[in-house]
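As they're listed, the protein sequences go chains H and E.
Numbered according to the numbering used here, the first sequence spans residues 157 to 474.
Numbered according to the numbering used here, the second sequence spans residues 4 to 163.
The hints are simulated quantities; they were obtained by calculation from the structure and are not laboratory data.
Treat each hint with caution, since some may be false.
[To be verified] Listed next, the in silico DSSO-like pairs over lysine-lysine satisfying Cα-Cα at most 30 angstroms (straight line):
(1) E:K60 - H:K246
(2) E:K21 - H:K226
(3) H:K469 - H:K428
(4) E:K23 - H:K191
(5) E:K7 - H:K226
(6) H:K195 - E:K39
(7) H:K191 - E:K75
(8) H:K191 - E:K7
(9) H:K191 - E:K10
(10) H:K208 - E:K39
(11) H:K195 - E:K7
(12) H:K195 - E:K131
(13) H:K452 - H:K336
(14) H:K195 - E:K21
(15) H:K208 - E:K23
(16) E:K7 - H:K344
(17) H:K191 - E:K39
(18) H:K469 - E:K131
(19) H:K195 - E:K23
(20) E:K21 - H:K191
(21) E:K60 - H:K270
(22) H:K319 - E:K131
(23) H:K195 - E:K10
(24) E:K131 - H:K270
(25) E:K75 - H:K246
(26) H:K208 - E:K60
(27) E:K23 - H:K226
(28) H:K212 - E:K7
(29) E:K60 - H:K226
(30) E:K39 - H:K226
(31) H:K212 - E:K23
(32) H:K212 - E:K75
(33) H:K226 - E:K10
(34) E:K21 - H:K212
(35) H:K226 - E:K75
(36) H:K452 - H:K414
On a predicted model such as this, the values are computed, not experimentally measured, just so you know.
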Amino acid sequence: MTCFCRVKKKQMHKFYIASEVPSKQRNRNLSFRPKAYLKPTSIHQAVSLLSKHGEKAIPLAGGTDILVDKPSNIEYLVDITGLPLDYIRKGKEGVRIGALSTFNSVETSDLLGKGPYSILVDAARKMGSTAIRNVATVGGNICNAVPSAEFPPALIALDAMVKIVGSNGDRIIPLEEFFKGIRKTDLKTGEILTEIQIPILPPCTGTALFNISRSSVDISTVVVAVRVTIGKNGTCQKAKIAIGGGIGPTCFVSKACKLLQDEKIRDHLIEKVALEVSAELNPRSTSIRGSPFFKKEAVKVLVKRALRQALTKTGEEC
Amino acid sequence: MEEKPVKLNVNNRIYELKVKPYQTLLHVIRNELGLKGTKYGCGTGECGACTVLIDGKAVHSCLMLAAQAEGKIITTIEGIGTYEKPHPLQQAFVEAGAVQCGFCTPGMILSAKALLDRNPNPTTEEIKRSIDGNLCRCTGYVNIIEAIRTAAEQMRRNQT
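So that you can see chain H by itself, here it is in the shape it has in the complex:
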């Protein structure tokens, strides 16, 4: 009996109630100890705060990545949620999405719900859970530059540009050029991404986004975003295939789209493009969400599905 009790006591230390679980086991980075929380009210103020504190400061928007990563070298949290960057507008010059728009506002936006822009709604829906989409921002997702993100491929398929504001002024660059590698972007110290600009898309443009993930909440293993524009003679005027999901860079834009240029998109051509896209890819072997072989095979299927769906969305008159 005594012996039994001793064993029980020894085992007891393995069972904790939630609030007592040792910090190391709970993904708590105790070196995440910023000294100050700053909340600028204008873009100018935010930029000057970020420039002043340099590498020690980080802009905080939704916080759903920063509070998971908990970077240890950060001393100043610059909460930019007070800036007037939460908007979605559609005008003559195209669509403008403020960097602080949440995925929930993209998902529920009437402006984006119809036509080729609906790919953004599809991408936003695939992102995390409802509670994450309620706070996570489009700009934060882009600046985090993780390869598994669903939103950047969708934006790149639509030729999106990003507006960056820094102490030396504004610049607008294509989103493709913004990504410099996994978790690396073109943002310099003191700069913030303020807006995503999508040009007006010509009529007869169809888009589609497909992904594979283990569950609806899980990060995508592979994401394929496709955009096709059909001309008056029924041939493809412009096509773009953007792929995400640990393929290598944050978002991979396929060169195989050239095969579609000025061609009538038929089934055999779709097959050929899918094979070509898959051959181009060199997925990371370190990804925990799928082997390179799996991803290359999955991309073949998804590209075919996405191209077919995008074609059906170009409209009946095209």
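Knowing the structure of chain H, use the given hints to seat chain E on it.
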């Protein structure tokens, strides 16, 4: 360390306190305000045990800093019903047997409340989607969905 004085509106009560820049809303709700109904699960926004309502929207309080919640209306499970007068969702969870260990229940109820306040007559798909960020490891989803549907009916009846 610079402590920031904040005013938090939790369950229609104003709390004035000082928070550290890295303290999460969850930490403050549980340890400073003593509202232990909101649970600490994964701490990385995957399990939904820490769900609270911010301006009526479901949010993971483990992924929000307490300082960020200033000026917002925060609702925790303690704020939607009492033991004597439970919220229709709480009543429905009890009646449908949707509670097993109970750890996910506060988050489930708040996520469901955010849905029903916006959409009083949701489809099963919409119900499932509203609780997609809440994990139940006792595998009780069928009863939970049933409870939310029953509560929706009850709330519609109460309104008419």
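Checked hints:
Simply put, E:K60 and H:K246 have alpha-carbon atoms about 26 angstroms apart, close enough for the 30 angstroms limit, and the pair holds. At most 30 angstroms may separate the alpha-carbon atoms for a hinted pair to count; E:K21 and H:K226 meet this at roughly 21 angstroms. At most 30 angstroms may separate the alpha-carbon atoms for a hinted pair to count; H:K469 and H:K428 meet this at roughly 21 angstroms. Restraint check: the Cα-Cα separation between E:K23 and H:K191 comes to about 8 angstroms, which is no more than 30 angstroms; the hinted pair holds.
Note on E:K7 and H:K226: the hinted pairing holds, with a Cα-Cα distance of about 19 angstroms set against a maximum of 30 angstroms. Annotation: proposed proximity of H:K195 to E:K39 holds, straight-line Cα distance about 29 angstroms (limit 30 angstroms). A C-alpha spacing of about 23 angstroms is found between H:K191 and E:K75, which places the hinted pair at or below 30 angstroms, so the restraint holds. Distance check on the hinted pair: H:K191 and E:K7 sit about 10 angstroms apart at the alpha-carbon level, within 30 angstroms; holds.
A distance of roughly 20 angstroms separates the Cα atoms of H:K191 and E:K10; the hinted pair therefore holds under the 30 angstroms criterion. A C-alpha spacing of about 40 angstroms is found between H:K208 and E:K39, which places the hinted pair above 30 angstroms, so the restraint is violated. In summary, the hint linking H:K195 to E:K7 is supported, as the alpha carbons are separated by about 11 angstroms, within the 30 angstroms threshold. Straight-line distance between C-alpha atoms of H:K195 and E:K131 comes to about 36 angstroms, which puts the hinted pair past the 30 angstroms bound.
Between H:K452 and H:K336 the CA atoms are separated by roughly 22 angstroms; this keeps the pair inside 30 angstroms, and the hint holds. Taken as a hint, the H:K195 and E:K21 pair is honoured in the structure, with Cα atoms around 16 angstroms apart against an allowance of 30 angstroms. For the proposed pair H:K208 and E:K23, the alpha carbon gap of about 22 angstroms is at most 30 angstroms, so the pair holds. Among the hinted pairs, E:K7 with H:K344 is consistent with the structure: their alpha-carbon atoms are about 29 angstroms apart, no more than 30 angstroms.
A threshold of 30 angstroms between alpha carbons decides the hint, and for H:K191 with E:K39 the separation of about 27 angstroms falls inside it, so the pair holds. Between H:K469 and E:K131, the direct Cα distance comes to roughly 28 angstroms. Compliance with the 30 angstroms bound is thereby established for this hinted pair. For the proposed pair H:K195 and E:K23, the alpha carbon gap of about 14 angstroms is at most 30 angstroms, so the pair holds. Restraint check: the Cα-Cα separation between E:K21 and H:K191 comes to about 14 angstroms, which is no more than 30 angstroms; the hinted pair holds.
Proposed proximity of E:K60 and H:K270 is supported: the alpha carbons are some 25 angstroms apart, at most 30 angstroms. Our distance criterion of 30 angstroms between C-alpha atoms is broken by H:K319 and E:K131, whose separation comes to about 37 angstroms. Between H:K195 and E:K10 the alpha-carbon distance is near 15 angstroms, which keeps this suggested pair within the 30 angstroms criterion. The hinted pair formed by E:K131 and H:K270 meets the criterion: a straight-line CA distance of about 24 angstroms does not exceed 30 angstroms.
Of the pairs offered as hints, the one joining E:K75 and H:K246 holds, with about 29 angstroms between alpha carbons and a cut-off of 30 angstroms not exceeded. A distance of roughly 35 angstroms separates the Cα atoms of H:K208 and E:K60; the hinted pair therefore is violated under the 30 angstroms criterion. For a cut-off of 30 angstroms, the pair hint linking E:K23 to H:K226 stands: about 15 angstroms separates their Cα positions. This hinted pair checks out: H:K212 and E:K7 have alpha carbons roughly 19 angstroms apart, not beyond 30 angstroms.
Of the supplied pair hints, the one linking E:K60 and H:K226 holds, its CA atoms being roughly 24 angstroms apart against a limit of 30 angstroms. Of the pairs offered as hints, the one joining E:K39 and H:K226 holds, with about 24 angstroms between alpha carbons and a cut-off of 30 angstroms not exceeded. Using a Cα cut-off of 30 angstroms, the hinted pair H:K212 and E:K23 holds, with the two alpha carbons roughly 17 angstroms apart. For the given pair, H:K212 sits about 28 angstroms from E:K75 by alpha-carbon distance, which is consistent with the 30 angstroms threshold.
As the CA atoms of H:K226 and E:K10 are separated by approximately 25 angstroms, the hinted pair is consistent with the 30 angstroms bound. With a C-alpha separation of about 23 angstroms, the suggested pairing of E:K21 with H:K212 holds against the 30 angstroms cut-off. With a CA separation close to 24 angstroms, the supplied pair H:K226 and E:K75 stays within the 30 angstroms bound. For the given pair, H:K452 sits about 20 angstroms from H:K414 by alpha-carbon distance, which is consistent with the 30 angstroms threshold.
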